[in-house]
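Student: The chain contents come next:
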Amino acid sequence: MPSYTLTVNAEKRTVSVDSDTPLLWVLRDHLGLTGTKYGCGRGICGNCTVHYQGNAIRSCVLPITSVLEGNIVTIEGLSENENHPVQQAWMELDVPQCGYCQSGQIMATVDLLSKIKNPTDADINTAMQGVLCRCGTYSRIRKAIHRAASIQDK
Amino acid sequence: MKSTWDRRTFIKLTASASGALVAGVCLQSCTSGTVPATAHEFSPLIKIDTKGWVTLIAKNPEIGQGIKTSLPMILAEELGADWDKVKVIQGDFDKAYEEQWAGGSYAIILNWDMMRTAAAKVRHVLLQAASKKMNIRVSELTTSKGKVLHSESGESLPFEKLLLEASKLPLPETVEFKPTDSFEIIGKNTPQVDLDQLVSGGTKFSIDIKLPGMLYATVLKNPVFDGGAGDYDDTRTRSVNGVVDVIELNNSDYGGRLIAPNSPNFVNGIAVLAKSTWAAFKGAQVLDVVWDNADARKENTAEIFERFQLQLNDTTIERKDGDLSRAKRNADSNFEAMYQVPFLAHIPMEPMNCTVDFRDDLCEVWAPTQNPKALQEGLIKLFGLQPEQIKIHLPRIGGAFGRRYYVDYAMDAAILSKKVQKPVKLIWTREEDIRHDWYRPASIQKMAASLDKEGRVTGWQHVLANASRKTCLGREGRPAGTEIDKYEFPAGFVPDLQFEYGHVLSDVPLGQWRSVGHSAVAFAVHSFLDELAILSKMDPMDYFLEFLGPARMVPVVDDYAFDAKRLISVVEQVRRNSNWDVPLPKGQGRGFAASKHSGSFVAEVVTVSVDANENITILRVDAVVDCGIVINPTGAKAQVEGGILEGLSAALYGEITVKNGVAEQSNFHDYKWIRMDEAPEIHVEFITNNLPPRGLGEPPLPPAAPALTNAIFAATGKRIRKLPIL
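Going down the list, the sequences are from chains A and B.
Here the first sequence is numbered in our numbering, starting from 1 and rising by one per residue.
Here the second sequence is numbered in our numbering, starting from 1 and rising by one per residue.
Possibly wrong hints are sitting among the right ones.
[Unchecked claim] No more than 30 Å apart at the CA atoms, straight line, and that leaves these computed lysine-lysine pairs for DSSO-like:
hint	chain 1	residue 1	chain 2	residue 2
1	A	Lys154	B	Lys188
2	B	Lys188	A	Lys143
3	B	Lys145	A	Lys12
4	A	Lys143	B	Lys178
5	A	Lys115	B	Lys87
6	B	Lys87	A	Lys143
7	A	Lys143	B	Lys204
8	B	Lys133	B	Lys178
Just so you know, the hints here were simulated from the structure itself, not pulled from any lab data.
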């Protein structure tokens, strides 16, 4: 099997996998970063969202060969002690229910706030509709995004 | 017994050492370099250490309902612990913890007294120990925030100072509970215990487990529910890098498709085992297989509904009050309507998966299950094991909604691990999850009412025909129960009333889905009441309140009575909260429904707008809930928000259709659910009282669908009698 070196959470990691292996399974099975979740395998539910070169991507459909050029950030790399403003807002509002989709929700939110500092509800709808939550935590997610926007520069 | 049982053995030893301090038990509170705390296990659920930390076992499966926080909160409250010095640890499946399952919104109902009793016994010995030390009578002492307090003198002793004395005292047989007005933890917004892990990817769900030497597996099931085994060529599969083995999973080797009631729906399949999940998925994709479906019934949804329709005329009477034919004869008018609901899938975000290490006749399981007992029973039945040979861990679960009451996926994993004598993590793809669910039963319901000249209901007939989850998979015989219960609303409220059930046999696997039968029944009942109100030219809420009659206890069946007063009060409150009486602009409408489920009363108002192209926007939902004492308001509110959104999602989109015995939907592109851009603002209020806490996972769901369709009627004049709406 070919060997690839990728940058995950600012660390160089080398793995031997087939060239078509989606980033999701590289993270989960080979690098032990299980915070990124499998939900649909087709880029529909967004539970596998991570950042590549500063943009939110669906790791379940992107093969390893397409993410070798820049830094990949996963939920584990967001902060040292859950002190990223988005994580802080999530905890303040007690957002998760089952919690399974929340890595994807948080990574999509961090991406949104990096592009729009104070998103409107319409911005939130556009940015977040790709991440499915089966438990129905959307109203808390919306509040947490506004809250994170308000605390991010403090 | 092999070495992996060490931990279990250790726990037993410490438990048997009760009466003495267990030396050197390092709890999670100790960090390296500090002196280890010693702890005493007062009961299987409660441990206190010499540094004052209280360790509580969360015994039930956590599926997102917040039980890992709320049950320990009850323990901590009754103990008088300091919540900031409480550690919560998820318990394994263990008979020491008694009932351990998630279903029917029963966890709080069943455990309210049990948790309080366990903690009150420990409080009792702490008080006795303090009484001796302080030389103050027990009756003058209380516990609060991890201390025993003498409020008169202000003297106090922390639990850790009482540990040695208290650990020598026997726990009492009977206890008195703390008065509800002295609660310090119950009723306070308490963020869930795993929050920091959940926001940082640290939580280990079952799907995240990794064991040394573990193989990854997936399974390709015969898409036909009752299909036979596959004839396959695995050459291409075995040529995939990382694929290790291909193993048949034929139900004929394990006692047939249905092993026991509420046990695995064992659909024939072929598993691929590999060194990574991706290799297993790829191997399954290229497997050449021809399934033997010669004996399959190959049902279609349209034909199933035709059979339901016919069965409406051939029913058994499940409840008969008074004389329905008399009511019909004497009525000023009679009105009838038919309602239809579809099969629904559960689609929890964490797909079906299970990790099993089944070697040397010892079976260790990490399972996302609501029902570990059924899992244990399944393993006993399939492999002839003794309970002592099975260990079941209960990692946090990524959603369940009733699906994980059934343990079919865990049986697959156990078979594979036993075969290869290695730990195996099995993951079903999303496609397998949706095609091989235990669906919410579809049904057709006929409602008939007799009305007097004021439009009051004098006779009520509710006929439900469907294939029952209680005989699912059957081709002959009667159901063990029906999908309409004799205590269904409005039993007791109408003098001449009849419930009937028409039983149809089908091979579509059916099961519990959040709120179970009520999800279908409430749609028909509360749509019909809305129709009767409109027919009688009355405001639907006024009509409903008049229908309920005076605030009183309404006898329903045996010693079960319905407290009409509690239902009336949630309706009156939701009327105020939703501005029900303030007119809306054209194209908007409000709909209402209120019901009782698992002892809790919920009233909901949905406000919608519908544009000229019939695009529906849900603007707002108001809910008022009386579930008795609210243990954790933030968690309770989450359950209401989630239940309502689930009811609305299903009403808008939820539908599994069957063609030639195969579910036609397979992933989130064709099984749609509400997303962020469609999620309404939900306003929740709880009625405050000191009544025993009741269920909350399910009760908010049933009113949501009829409240929505009633709102659409109010906005457009269009009545929806068949779900889904879109």
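Student: Work down the list of hints and note, for each, if the structure agrees.
Tutor: The hints, checked one at a time:
1. At most 30 Å may separate the alpha-carbon atoms for a hinted pair to count; lysine 154(A) and lysine 188(B) meet this at roughly 28 Å.
2. As the CA atoms of lysine 188(B) and lysine 143(A) are separated by approximately 20 Å, the hinted pair is consistent with the 30 Å bound.
3. Under the criterion of a C-alpha separation no larger than 30 Å, the hint pairing lysine 145(B) with lysine 12(A) is inconsistent with the structure, at around 48 Å.
4. Proximity of lysine 143(A) to lysine 178(B) is assessed by CA-CA distance (about 36 Å); at most 30 Å being required, the pair is judged violated.
5. Distance restraint check for lysine 115(A) and lysine 87(B): the Cα-Cα separation of roughly 39 Å exceeds the 30 Å cut-off, and the hinted pair is therefore not satisfied.
6. For a cut-off of 30 Å, the pair hint linking lysine 87(B) to lysine 143(A) stands: about 29 Å separates their Cα positions.
7. Of the pairs offered as hints, the one joining lysine 143(A) and lysine 204(B) holds, with about 26 Å between alpha carbons and a cut-off of 30 Å not exceeded.
8. Between lysine 133(B) and lysine 178(B) the alpha-carbon distance is near 23 Å, which keeps this suggested pair within the 30 Å criterion.
Hint check: violations occur at hints 3, 4, 5; the rest are consistent with the structure.
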